[in-house]
Structures are given as C-alpha cells and as structure tokens.
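Visitor: Sequence:
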Amino acid sequence: MHNYYPMAFPILFLLFISLPFSSAKLNINYYKTTCPDFEKIVRENIYTKQSTTPATAPGLLRLFFHDCITDGCDASLLVTSTAYNPHAERDADLNLSLSGDAFDIIVKIKNALELSCPGIVSCSDIIAQATRDLVKMVGGPFYPVRLGRKDSFVSDASRTEKALPTTKMSLDGIIEKFTIKNFTIREMVALTGAHTIGFTHCKEFANRIFNFSKTSEIDPTLHPKLAQGLREVCKNYTHDPTMAAFNDVRSPGKFDNAYFQNVLKGLGLLTTDYILGVDPRTKPIVELYAKDEQVFFEDFAKAMEKVSVFQVKTGKKGEVRSRCDQFNHIPN
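Residue numbers (mature numbering (1 follows the signal peptide of the UniProt record, and there is no 0)): -24 to -1, 1 to 308.
If you are wondering where the hints come from, they were derived from the structure by calculation, not from laboratory data. If you're wondering where the values come from, they're calculated on a predicted model, not measured in any experiment. Among the hints, erroneous ones may be present.
Claimed, not checked - Now the in silico label distances, taken between C-beta atoms and shown as ranges:
id, residue 1, residue 2, range
1, Ile4, Asn158, 41 to 49 Å
2, Arg257, Pro12, 41 to 49 Å
3, Val271, Thr142, 36 to 44 Å
4, Arg207, Ile306, 47 to 55 Å
Think of the CB as a built atom: it goes at the ideal place given N, C-alpha and C, for glycine as much as any other residue.
Produce the complete structure using the sequences and hints provided.
Guide: Right, dumping it as structure tokens:
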C-alpha cells in the first residue's frame, strides 16, 4: 500500500481494551431509522465501482488507514486545500500517491446518500463502511462497523508526517508509530497484511533492484527471479513515476494470506517486508499467518475494527459535511 503499511495490526482480546471513550457512542444500527438504505447504497456503489475498477479496494483500504492513523477516523483526509486552509491533509507528501479511485467512490456514495437522506451520513462513516465492504468483496474477512462518527473541523498536512509509517523507516520506528497509539506489534503485522492486494510504486523499492551496493546490483535478500522481473517493470520509473508492481505477485486481486508466504520466500517488494520476516519480534507472527489464513483473517478483522474507531469524533466534536471535500463553514 505504498500501499505500504497500509495497515497492519491485528487483534484484541475482549473487544478493545483501550478504545477511546467516544467510540462507545457508536453502534452498528446508527442509521436504521434516519437513513435505512445506508448499507444498501454503499454496497451497490462499491460493487459497481470495484467490478469495473479493481484498484478501488486496495486504494480505499490505504486511504482509510492514512485517514484514521492521522488524528482518527474523521475524513480529514478528504478535505481539499483552500485559501483559508492552504495545507490540508490531502496535500501531505505521503498522501499525494493515494488512489483517485478511492476518493471517487466516496464522492459517488456521498452524492447518492445526500439524495436519499440529506445531511445525515458523515463522510467518515462512508469511508469505514465502504472499506469493510470492499475488503469482503475481494475475499477478505467481514467485521462489524460501528457508526456515528462525525467529520473533522480540522485538516492539517503537517500532522500526517508525524503519524504515518514509511517504507524508509527501521522496524523500531514503525513499531513505535503503532505502539504509541496503543496498537500491538501483532496488530501491526496483521494490518500489514493489507499488502496482499494493491500495488507499490517503483520508487519505493528501486533501491533494492538498482545499484543496491558496491558489490551487488540487486538486494541479495530479494528473490532473484522477482528482482529481474521488477527491473524490467521499473526500468523507466525515473521518467514515469506512476510505474508500479503488484504487492502480491501470486494473487494480487484476492485478499488472502499470500503476502505473508511471499515475505518468507523473499518475494516482498519492500525492505520493510523482508524485515518483518526475519526480525524475532515479527517473524513468528508472519510464519503463523503464512500457515493459517483463518488466524490472519481473525486478527485482521479485529485490528480493522480497532482502527475504525480510533480517536473518532462524536456529538459536537465534529459535523456531517455536506460535501466530503470541504468543511460546512469556513474555518476561523
């Protein structure tokens, strides 16, 4: 996901030990009376979009993670910069490669909901519900989505760098990004399993296949056949920054546990993928998920449920935007 870490964290034992208090106000039937067609409208729109544009699922999964890990699941990432708010979160460097199809599906769903039940459904709830439905549609696990989030009053690009892990970080740095938010290492690894779908731009792993070191053109930890294939795919990446490769070379469109099997065989694109498979803190978890897809699915579902309620805004701490890309009122 740069499509990267797009996510990775599994599991909590008894529902959530450290959920923010506000999440207790959410519930899965939030729109039952105020917008009874909510689930149907989301489901129909994601089915149509994903059927014609398979990149939608990994794209929205990554957008969901980028939004939630930065100040909570509040749709702050959807806001566009204006003269009044010139540096919105969407324009942070780490968000510039987010999928246009991911933004597009949220707009489509929002427009349909505004016709059906105007002013009722928040953009942040749309992101959470549509992401779950897309994960399920491409073969991943189902998990309940509690609803009632409000959209943020703030969108600040400077907060993104502090929140998101990157492909250049050490494992220590990545773990810290999650543990500081009360996610466990196991949850982090589970969320990283989102790399089983989608693609990563060549520039994120070019250092492994071109001029790796003085003694080796290619990173010796990378499977040689994969390295040769990637060199061909990415040969013009400096001239065309859109060049990319599938995260999972075996089943790129199916949500399964192949990513973890690939990591153990030297078939992960990123250096951080390789590290997950060798570091003693993460290797046993990767091996477990590679062997048992059901355990991975269970952990991923719990982790996604936990991410989806991270620092949510409820009540007067947020609003239901009329348009997802702009606040209802000009910020002071």
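Visitor: State for each hint whether it applies.
Guide: To see whether the hints hold, each was checked on the structure:
1. Ile4 x Asn158: 41 to 49 Å: violated (23 Å)
2. Arg257 x Pro12: 41 to 49 Å: The hint (41 to 49 Å, Cβ to Cβ) holds, given that Arg257 and Pro12 are roughly 46 Å apart.
3. Val271 x Thr142: 36 to 44 Å: At roughly 28 Å between Cβ atoms, Thr142 and Val271 fall outside 36 to 44 Å, so the hint is violated.
4. Arg207 x Ile306: 47 to 55 Å: holds (50 Å)
The structure fails to meet hints 1 and 3 from the earlier list, while all remaining hints are met.
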